[in-house]
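Student: Required output: the full structure, derived from the provided sequences and hints.
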Amino acid sequence: MICHGVSLTKVACLKHHCVTQHSSRLNSTVCSKKISNITLISINRPNKRNAMDSKTIEDLQKNIGIFENDQDSPCAVLHGQGGNFSSGFDMMELYERPNTDLFENFRKFLQRPAKKPIIAAVNGYAVGQGLDLALWCDLRFVEENALMGFYNKSNPYL
Numbered sequence: 001m002i003c004h005g006v007s008l009t010k011v012a013c014l015k016h017h018c019v020t021q022h023s024s025r026l027n028s029t030v031c032s033k034k035i036s037n038i039t040l041i042s043i044n045r046p047n048k049r050n051a052m053d054s055k056t057i058e059d060l061q062k063n064i065g066i067f068e069n070d071q072d073s074p075c076a077v078l079h080g081q082g083g084n085f086s087s088g089f090d091m092m093e094l095y096e097r098p099n100t101d102l103f104e105n106f107r108k109f110l111q112r113p114a115k116k117p118i119i120a121a122v123n124g125y126a127v128g129q130g131l132d133l134a135l136w137c138d139l140r141f142v143e144e145n146a147l148m149g150f151y152n153k154s155n156p157y158l
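The sequence shown begins at 1 in this note's numbering and counts up one residue at a time.
Treat the hints with caution; some may be incorrect.
[What the hints assert, rightly or not] What follows is a set of in silico ranges between Cβ atoms, one per label pair, in the way DEER data are often shown:
id: 1; residue 1: 152; residue 2: 98; range: 13 to 23 Å
id: 2; residue 1: 149; residue 2: 72; range: 30 to 40 Å
id: 3; residue 1: 99; residue 2: 144; range: 34 to 44 Å
id: 4; residue 1: 74; residue 2: 98; range: 17 to 27 Å
[What the hints assert, rightly or not] Below, computed lysine to any residue pairings styled on SDA-like, alpha-carbon distance capped at 20 Å:
id: 5; residue 1: 108; residue 2: 65
id: 6; residue 1: 48; residue 2: 83
id: 7; residue 1: 116; residue 2: 66
id: 8; residue 1: 48; residue 2: 123
id: 9; residue 1: 62; residue 2: 72
id: 10; residue 1: 108; residue 2: 54
id: 11; residue 1: 55; residue 2: 128
id: 12; residue 1: 62; residue 2: 105
It should be emphasised that the hints constitute simulated quantities derived from the structure, not laboratory data.
Glycine included, every Cβ here is placed at the ideal spot set by N, Cα and C.
Tutor: Printed below as a string of structure tokens:
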């Protein structure tokens with residue numbers, strides 16, 4: 001499969017390169033860098049299995065906006081650092097700040113289609129809102145170790 005001249009083999013190589021090459025913004029919840037003309041967007045909360053809090057969603061929107069305005073980058077690869085795509089929302093934020101706008105901000109983010117193709121490179125956990133994020137992308141490259149599903153109190157899908 002090819003997306004604007006990018007094969008899935010190249011996606012895997014780019015993802016591997018991004019995992020082995022540390023970004024200069026290690027303390028950021030979302031990092032992005034360009035390799036050749038491909039933008040790599042990394043969710044960078046490996047200690048939380050890339051669970052998304054308000055800052056992560058804000059940083060994700062910012063990095064995707066930068067990618068969309070980059071005329072030299074035809075597509076992006078979105079992945080998670082540390083062996084997991086995303087385990088969904090950060091439950092500690094929801095517990096500590098029950099009135100947070102996390103759900104609303106994420107819903108608004110997902111309702112806006114990306115202006116250019118984004119490929120999700122999924123490995124490890126992609127559950128709950130993490131799976132929502134992967135499904136929002138135009139194409140998904142899923143590794144064999146991926147565990148994807150939605151959690152529902154009365155009817156879990158995993």
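Student: Next step is simple, just say for each hint if it's right about the structure.
Tutor: So, going through the hints one by one against the coordinates:
no.: 1; hint: 152 / 98: 13 to 23 Å; result: holds (20 Å)
no.: 2; hint: 149 / 72: 30 to 40 Å; result: holds (37 Å)
no.: 3; hint: 99 / 144: 34 to 44 Å; result: holds (40 Å)
no.: 4; hint: 74 / 98: 17 to 27 Å; result: violated (42 Å)
no.: 5; hint: 108 / 65; result: holds (14 Å)
no.: 6; hint: 48 / 83; result: holds (11 Å)
no.: 7; hint: 116 / 66; result: holds (11 Å)
no.: 8; hint: 48 / 123; result: holds (15 Å)
no.: 9; hint: 62 / 72; result: holds (18 Å)
no.: 10; hint: 108 / 54; result: holds (13 Å)
no.: 11; hint: 55 / 128; result: holds (18 Å)
no.: 12; hint: 62 / 105; result: holds (13 Å)
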